[in-house]
Amino acid sequence: MTKADATADNVLRDLAAIRAKNPVVLNITNYVVTNTTANALLALGASPIMSHAVEEMAELVGISGALVINLGTVAPEYLAAMDPAWAAADAAGVPVVLDPVGAGASTLRTATPLALLAGHKAFIVRGNASEIMTLAGKSGAAAKGVDSTAKSGDAADLARALANRFSCAVAVSGEVDLVCAGQATALVHGGSALMPRVTGLGCTATALCGAFAAVNPDPFEAALHACVAMKVAGEMAADKAAGPGTLQLHFYDALYSMGEQDIRQRLKVER
Amino acid sequence: MTKADATADNVLRDLAAIRAKNPVVLNITNYVVTNTTANALLALGASPIMSHAVEEMAELVGISGALVINLGTVAPEYLAAMDPAWAAADAAGVPVVLDPVGAGASTLRTATPLALLAGHKAFIVRGNASEIMTLAGKSGAAAKGVDSTAKSGDAADLARALANRFSCAVAVSGEVDLVCAGQATALVHGGSALMPRVTGLGCTATALCGAFAAVNPDPFEAALHACVAMKVAGEMAADKAAGPGTLQLHFYDALYSMGEQDIRQRLKVER
Amino acid sequence: MTKADATADNVLRDLAAIRAKNPVVLNITNYVVTNTTANALLALGASPIMSHAVEEMAELVGISGALVINLGTVAPEYLAAMDPAWAAADAAGVPVVLDPVGAGASTLRTATPLALLAGHKAFIVRGNASEIMTLAGKSGAAAKGVDSTAKSGDAADLARALANRFSCAVAVSGEVDLVCAGQATALVHGGSALMPRVTGLGCTATALCGAFAAVNPDPFEAALHACVAMKVAGEMAADKAAGPGTLQLHFYDALYSMGEQDIRQRLKVER
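Chains as they are written, first to last, in the working numbering: chain P, 9 to 279; chain E, 9 to 279; chain C, 9 to 279.
Some hints here could point you the wrong way.
Put simply, identical chains are the same to the list, so a pair is met inside one copy or across any two.
Stated by the list, open to error - Here are the simulated BS3-like pairs of lysine-lysine, each with C-alpha atoms no more than 25 Å apart in a straight line:
# : residue 1 : residue 2
1 : K159      : K29
2 : K152      : K29
3 : K248      : K276
4 : K146      : K159
5 : K11       : K276
6 : K129      : K276
7 : K146      : K129
8 : K29       : K248
9 : K276      : K159
Hints are computed from structural coordinates only; laboratory data are not their basis. Predicted, not measured: the structure shown is a model, and the values here were computed from it.
Model the full structure from these sequences, guided by the hints.
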């Protein structure tokens with residue numbers, strides 16, 4: 009069996025587990041993608057909760073298989089819930105996925121994820137190349153607002169440094185996704201050039217990291233499998249889409265329907 | 009004329025009234041479904057307003073045919089508007105539809121709808137089985153986060169108790185919807201197994217209850233007709249959908265286009 | 009060359025500039041349309057940021073080609089960011105597009121845009137007929153909540169007065185769009201009767217005004233070209249749509265794919 013076969017087996021095992029167990033994934037996320045990431049999680053088979061109510065965070069973390077913290081909306085009423093929620097997750101051993109949306113675009117967007125990472129245990133950090141490079145300490149990393157002008161490959165060394173510094177997996181989304189943790193690195197090919205034209209597909213990758221984290225205790229594998237699911241579903245959707253609007257809908261359909269043949273035929277992981 | 013014919017006649021009469029009058033439906037709702045429930049109301053023929061600005065609640069209630077209060081986002085800035093808005097609706101005789109999203113999933117989500125119901129006059133309460141069972145006093149009702157693991161039929165007795173306690177109609181959504189008020193009970197069949205895989209279709213049912221409440225003074229009928237509209241549109245959409253993504257879009261199209269033949273042929277109400 | 013040809017040339021020039029430069033458009037907008045207007049901007053070729061975090065407004069304005077202020081959500085946590093953001097835009101010479109959603113529907117929705125306009129330099133104000141008539145001082149302008157019951161033509165004189173009072177362009181959306189500034193007026197025909205059945209397409213027109221404002225220093229032209237893009241994309245989408253749900257998706261596809269033939273064949277501007 010080649011490595012690609014083994015990876016496909018593992019993705020399929022985790023996908024089956026998500027569909028069988030419907031793990032609760034708690035999301036403190038931005039108001040651009042609450043609907044779309046909830047739909048992606050439901051389509052995949054998870055059970056999403058979207059909340060930023062401080063009062064219920066500890067209770068909700070207690071019933072969740074993973075916590076996703078997405079910094080797309082950095083308004084105070086959203087930020088207030090993140091630290092208590094993450095503290096509850098640390099205490100309960102619930103894996104946490106962090107998305108530093110727009111790190112580098114403003115001081116607040118750079119400082120907030122670093123402060124959270126300094127105080128808590130991360131399972132996976134997922135971002136685009138600019139965001140990951142910024143968190144790793146490279147000031148002025150190539151960003152255009154919340155979009156990246158760098159490629160994931162440009163961020164490889166800094167992603168590995170970040171992963172080692174916070175003892176987590178780091179996933180860098182781009183035309184090619186890069187996943188690393190400890191000594192392991194993988195590149196995930198596939199997807200579609202239309203994907204960056206749909207808002208929040210990066211945030212969707214983060215949410216799917218949460219679903220895989222809920223069924224797989226290895227952060228590298230969970231991040232890798234989420235990236236594979238994104239690339240495979242994106243490619244399946246692109247086969248039917250005429251633009252970014254129709255792509256998004258077929259993407260949910262693909263997350264819902266993708267099966268063994270889809271994964272085995274479309275998986276393109278390079279190690 | 010059979011009962012089914014009479015129900016179809018009544019649904020068609022209300023649907024025509026919504027499309028003719030375009031009643032304003034004011035929604036204090038959660039940030040996951042603001043867009044999707046507004047789209048469902050527009051597709052059906054109503055004129056939605058989405059707001060949680062305390063300062064304008066009394067004015068907006070004054071121009072509204074119904075008020076929908078959805079507890080999906082229980083953050084303080086959302087909750088603050090609910091009590092004043094409902095008080096204005098009580099004073100003006102505007103019917104109020106309450107959706108206790110996630111009741112049972114956290115203390116806050118259980119206590120908030122009960123406190124609102126204790127102080128105000130409800131027209132319809134709509135939820136899934138777990139939420140309705142929780143409100144009726146059954147602690148630990150089968151819930152998985154904001155999703156239910158119970159069926160609507162399991163909630164029948166508790167739904168009737170809740171309806172009698174608050175003198176309103178109660179609608180329990182599920183594979184089969186259950187609607188009750190006073191001595192009346194109805195079951196609504198149809199829809200599609202894909203519907204729970206689209207986020208916020210429960211909230212959409214609540215919003216449609218608001219549209220029907222704006223044109224029908226009987227809470228049982230308004231709730232029943234909204235459930236019929238959901239099941240018929242869901243079934244029409246499923247005929248064209250390949251998954252939850254395409255289902256959602258065809259669902260709006262169906263709400264917009266559904267006519268006499270669709271209702272008469274697909275309506276499946278059991279009393 | 010006729011005027012229509014010249015207009016088509018200018019639209020195509022601006023569209024090419026947006027697609028080549030991907031200007032950052034910063035949006036302080038309502039929670040109904042954050043996702044959909046971001047998707048429209050991405051489909052057109054711009055790079056949207058959605059935020060209402062006061063702390064980062066000056067920084068984000070500094071990297072933006074235009075600022076869009078949309079008053080759909082008039083809750084305090086949204087309003088707080090608008091004045092500082094607009095002040096930063098004034099100082100930096102960044103064009104600002106204002107959408108007075110629901111002006112006339114509540115005191116707050118009428119007073120807020122007028123207070124903002126009194127203190128800042130507007131580039132474009134875009135609204136429906138009721139909203140524009142309200143801002144121009146006509147109390148009780150025909151509104152139904154956030155929807156208009158008046159036609160854009162009814163608002164022509166008041167729109168011109170508003171444009172002159174605030175030295176900006178005014179765009180009035182409707183079955184026929186009306187754009188005016190100084191002595192210039194244009195009517196834009198096309199689109200589809202389904203468009204008002206999709207929530208937030210007015211807000212989408214405002215967002216597109218931001219994209220065109222980022223590449224065209226003339227407010228009248230920027231507003232006109234955004235209206236043309238809306239009407240052309242709406243018409244292209246309607247050719248493939250069976251209702252408001254599918255219309256919205258094909259609309260994004262059309263913004264993404266529309267090219268020279270689409271613009272030249274479908275542009276219907278009357279001066």
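Cross-check of the supplied hints:
| no. | hint | in the structure |
| --- | --- | --- |
| 1 | K159 / K29 | between (35 Å within a copy, 18 Å between copies) |
| 2 | K152 / K29 | between (39 Å within a copy, 11 Å between copies) |
| 3 | K248 / K276 | within (20 Å within a copy, 31 Å between copies) |
| 4 | K146 / K159 | within (15 Å within a copy, 53 Å between copies) |
| 5 | K11 / K276 | within (11 Å within a copy, 52 Å between copies) |
| 6 | K129 / K276 | neither (30 Å within a copy, 52 Å between copies) |
| 7 | K146 / K129 | within (22 Å within a copy, 37 Å between copies) |
| 8 | K29 / K248 | neither (30 Å within a copy, 28 Å between copies) |
| 9 | K276 / K159 | within (18 Å within a copy, 41 Å between copies) |
Of the numbered hints listed earlier, those contradicted by the structure are 6, 8.
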